[in-house]
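Engineer: Note that the protein sequences, when read in sequence, are chains G and P.
Using the working numbering, count along the first sequence one by one with no gaps and you end on 698.
Using the working numbering, count along the second sequence one by one with no gaps and you end on 1318.
Check before you lean on any hint, since a few could be wrong.
Claimed, not checked - Reference excerpt, derived from the structure (chain G facing chain P, CB under 8 Å, subset only):
1. K391
2. C394
3. I516
4. I545
5. V561
To be verified - Residues from chain G shown here face chain P by an in silico Cβ test under 8 Å; the list is partial:
6. S469
7. I484
8. H567
9. I604
10. V685
If you are wondering where the hints come from, they were derived from the structure by calculation, not from laboratory data.
Positions of the beta carbon are idealized from the N, C-alpha and C atoms, including for glycine.
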Amino acid sequence: MKSVFVYCEVENQKIAEISQELLSTGKKLATKLGCPLEAMVFGSQLAGIQGQISLYGVDRIFVADDIRLEPYRTLPHSSIATHVLKQEEPQIVLFGATSVGRDLAPRLASALNCGLTADTTILDIGDHFVKKEKKEYKDLLYAIRPAFGGSIMANIINWDQHPQMATVREGVMKKEVFDENYTSEIVEVDVNSIVKDEDFVVKIIERHIVESDVNLKEAPIIVAGGYGVGSRENFERLEELANLIGGEVGGSRAAVDAGFIDHNRQIGQTGTTVRPKLYIAAGISGAIQHTAGMQDASMIISINNDPEAPINSLADYVIHGDLGVVIPKMIKFYKANAK
Amino acid sequence: MRPLKIVVLIKQVPDTRNVGPDAMKPDGTVNRGKLDTVFNPDDLHALELALNLKDRIPGTEVTVMTMGPRRAADIIRDSLYRGADHGIMISDKRFGGADTLATSYTLVRAIQKLPSYDIIMGGRQAIDGDTAQVGPQCAEKLGVPQVTYVEGIISITDDEVVAKRRLSKGVETVSSPLPCLITVHGASPACRSKVAKRIMQYKYARTNSEIRPNDGFIKELHSKRPYLTIPEWGVEDIDADETKIGLSGSPTKVKSVESIVLTANEAKVLSDSDLDIETMIKELIDHHIIG
Ligand SMILES: Cc1cc2nc3c(=O)[nH]c(=O)nc-3n(C[C@H](O)[C@H](O)[C@H](O)COP(=O)(O)OP(=O)(O)OC[C@H]3O[C@@H](n4cnc5c(N)ncnc54)[C@H](O)[C@@H]3O)c2cc1C
Ligand SMILES: Cc1cc2nc3c(=O)[nH]c(=O)nc-3n(C[C@H](O)[C@H](O)[C@H](O)COP(=O)(O)OP(=O)(O)OC[C@H]3O[C@@H](n4cnc5c(N)ncnc54)[C@H](O)[C@@H]3O)c2cc1C
Chain G
360 MKSVFVYCEV ENQKIAEISQ ELLSTGKKLA TKLGCPLEAM VFGSQLAGIQ GQISLYGVDR
420 IFVADDIRLE PYRTLPHSSI ATHVLKQEEP QIVLFGATSV GRDLAPRLAS ALNCGLTADT
480 TILDIGDHFV KKEKKEYKDL LYAIRPAFGG SIMANIINWD QHPQMATVRE GVMKKEVFDE
540 NYTSEIVEVD VNSIVKDEDF VVKIIERHIV ESDVNLKEAP IIVAGGYGVG SRENFERLEE
600 LANLIGGEVG GSRAAVDAGF IDHNRQIGQT GTTVRPKLYI AAGISGAIQH TAGMQDASMI
660 ISINNDPEAP INSLADYVIH GDLGVVIPKM IKFYKANAK
Chain P
1028 MRPLKIVVLI KQVPDTRNVG PDAMKPDGTV NRGKLDTVFN PDDLHALELA LNLKDRIPGT
1088 EVTVMTMGPR RAADIIRDSL YRGADHGIMI SDKRFGGADT LATSYTLVRA IQKLPSYDII
1148 MGGRQAIDGD TAQVGPQCAE KLGVPQVTYV EGIISITDDE VVAKRRLSKG VETVSSPLPC
1208 LITVHGASPA CRSKVAKRIM QYKYARTNSE IRPNDGFIKE LHSKRPYLTI PEWGVEDIDA
1268 DETKIGLSGS PTKVKSVESI VLTANEAKVL SDSDLDIETM IKELIDHHII G
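Isolated chain G, as found in the complex (with noise of 0.2 Å):
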């Protein structure tokens, strides 16, 4: 059937952040195209969970309940995915660009012998002209990507070779429930018919997630250092600011590497894409895989010893000095400014 799916990632009974932005981008483009959103959940102890999902206008659910789904493995639900989206022919396909979503759709694109595009920030439908087949193919997926280290963004389809499918960078998209009170239908996948006992050679030992309580994609501002911030001491200071003006501190990859400040906290192509109402870099040079992450900030201000800090082209304030001397005078002007 014409129709988008939504591959969710679910644990503990909570679906992703990701998948959430999924399913409100999986509504716009099946109201472009004018068919149903579908939704597929595999984990363990799910019902009731429609709860989380309807809400995005999700017209099915697919549901897996077994409790070896969870945590997730690739091979059961890699079968159980290629099961349902061979039965079902849906036109579209979106996963996270996450862990699960970057292990998982490719296998699955081999499968299903389909194509897909990584890490996508936007997603549209257009029509594309194939001067080989003189043929204009309608309503395609255009799946919209950074390459070459964020250098630039390319555009790709896919008309051929069916589902289209893509994996969503997380934190890019917007959350945007379409009705509270949305009713999905939903199909209960028989595990056991689908699951092999092979699917389960893989054994999880250990398992140690922390459940970051860092949420830099909601906070208002952000505080980031890089590598000039010189130490985890310094950071202090970083964050000293941030918590006096309501934000968050975050870091570049050099000063996660220098260990400066956690992993959780890494700004940047390969960490959280950020668009706060303010952004101050202090000892970041501004690379472009940084800047990726970045550059939606309404306002951004620049700390730098450096006055050809690439980073400075995208700044509104760019503060010619040292971040050692700069930072704590911001904080003792804004306590003796803020009402």
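With the hints as your guide, set chain P with the ligands onto chain G.
Structural biologist: Just chain P with the ligands now, kept in the frame of chain G:
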């Protein structure tokens, strides 16, 4: 334990970490000629993990394999210098323009030509395409389990490997039966350096198409030391179906490419003087940006 056969998938990539202003052509396409090529960073980590197993398990053999243009043989030599036993070059014009589906098909056809394998390793992702898709797609086509984002191998027995995985929100330790495919995360140990003795030994390792007619000395050396000839496989050598390789085997097509130019806006440039900082803070408070 028994010796293992390990295949490491390696890719030569443009050095996207140092993209300069001239890396893009005016029409927005990538000016590959202006970018240096490097050994894909994650693949070096994969090679290290393989060489580490070779250190631990006597008799283990490490074969590196790459699909790419002729000059990609550079990274095969680089691997031999660091300790790999063999290298295989998959090169044919018809493989060009492959997306990840066609790439994985091609690599798998080549892997299936090998007498046996216990572990296939690759990098988590390549820094140009950045998809991280080739590993899982090869695993599916080989019908073996995949263990992605590995940062270390904890233990290995004749028929099982236990590895630690780095996830976006934590870590996981898993066991998988052999054979399996492992993709290696950059958080794993860096690759060992090239060994001077091995550089001497493999300096003249070449694929046949790299040897020019007047390279008489190299030709002679190769006939005396066959291990210097890097096997080079084309479409027919791996019995590939032409509809599944290169551009024609690739469902994803690039419709258009736009280069990202950082737009310069007019910034207020300030010094670190009390006056400048206090003025800025007051402006931010007045405009309700902070406070
Ligand atoms: C595939 C890939 C993915 C990547 N993903 C990311 C990502 O997600 N996020 C990310 O951030 N990076 C990422 N990177 C790394 C990126 O390329 C840069 O290496 C990194 O962003 C540099 O961090 P930095 O600006 O903190 O460090 P540097 O480039 O070392 O810059 C330090 C800056 O601090 C300034 N400075 C030094 N001392 C002071 C001082 N006392 N006062 C004021 N200024 C000072 C210097 O002038 C300089 O501008 C990625 C790279 C690759 C290849
Ligand atoms: C701008 C741009 C965007 C692209 N977007 C997509 C896309 O969205 N979807 C898609 O299917 N293709 C895409 N491609 C094509 C893709 O880059 C190529 O198929 C490439 O050959 C393999 O993908 P990768 O570089 O992403 O590798 P990854 O999947 O990131 O590589 C993972 C690992 O696989 C191994 N490996 C990969 N390629 C080879 C090789 N040639 N030889 C040996 N080992 C290898 C290495 O161990 C590597 O570390 C894109 C290409 C470009 C230039």
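Engineer: Report holds or violated for the interface hint on G/C394, using the least CB-CB distance to chain P and a cut-off of 8 Å.
Structural biologist: It is violated, given that the least Cβ distance between G/C394 and chain P is near 21 Å, above 8 Å.
Engineer: Min Cβ distance, G/I604 to chain P: is it shorter than 8 Å?
Structural biologist: holds (4 Å)
Engineer: Less than 8 Å between beta-carbons is the criterion; does G/I516 satisfy it with respect to chain P?
Structural biologist: With a closest approach of 5 Å, the G/I516 hint holds.
Engineer: Under 8 Å, Cβ to Cβ, is where G/H567 needs to be relative to chain P, so tell me if that hint holds or is violated.
Structural biologist: holds (5 Å)
Engineer: Double-check G/V561 for me: the hint is only fine if its C-beta lies closer than 8 Å to a C-beta in chain P.
Structural biologist: holds (5 Å)
Engineer: Would you check whether G/K391 satisfies its interface hint, that is, whether its CB is within less than 8 Å of any CB in chain P?
Structural biologist: violated (17 Å)
Engineer: Given G/I545 was flagged as interface, is its beta-carbon under 8 Å from a beta-carbon of chain P?
Structural biologist: Check failed: Cβ of G/I545 comes no nearer than 28 Å to chain P, outside 8 Å.
Engineer: Can we keep the G/V685 interface hint, with Cβ of chain P closer than 8 Å?
Structural biologist: holds (5 Å)
Engineer: Identify whether the interface hint at G/S469 stands, where standing means a beta carbon of chain P within less than 8 Å of its own.
Structural biologist: Holds, because the Cβ-Cβ distance from G/S469 to chain P comes to roughly 4 Å (cut-off 8 Å).
Engineer: Regarding the hint that G/I484 lies at the interface with chain P, is the smallest CB-CB distance below 8 Å?
Structural biologist: With a minimum Cβ separation of about 13 Å from chain P (threshold 8 Å), the hint on G/I484 is violated.
Against the hints set out earlier in the document, violations occur for numbers 1, 2, 4 and 7.
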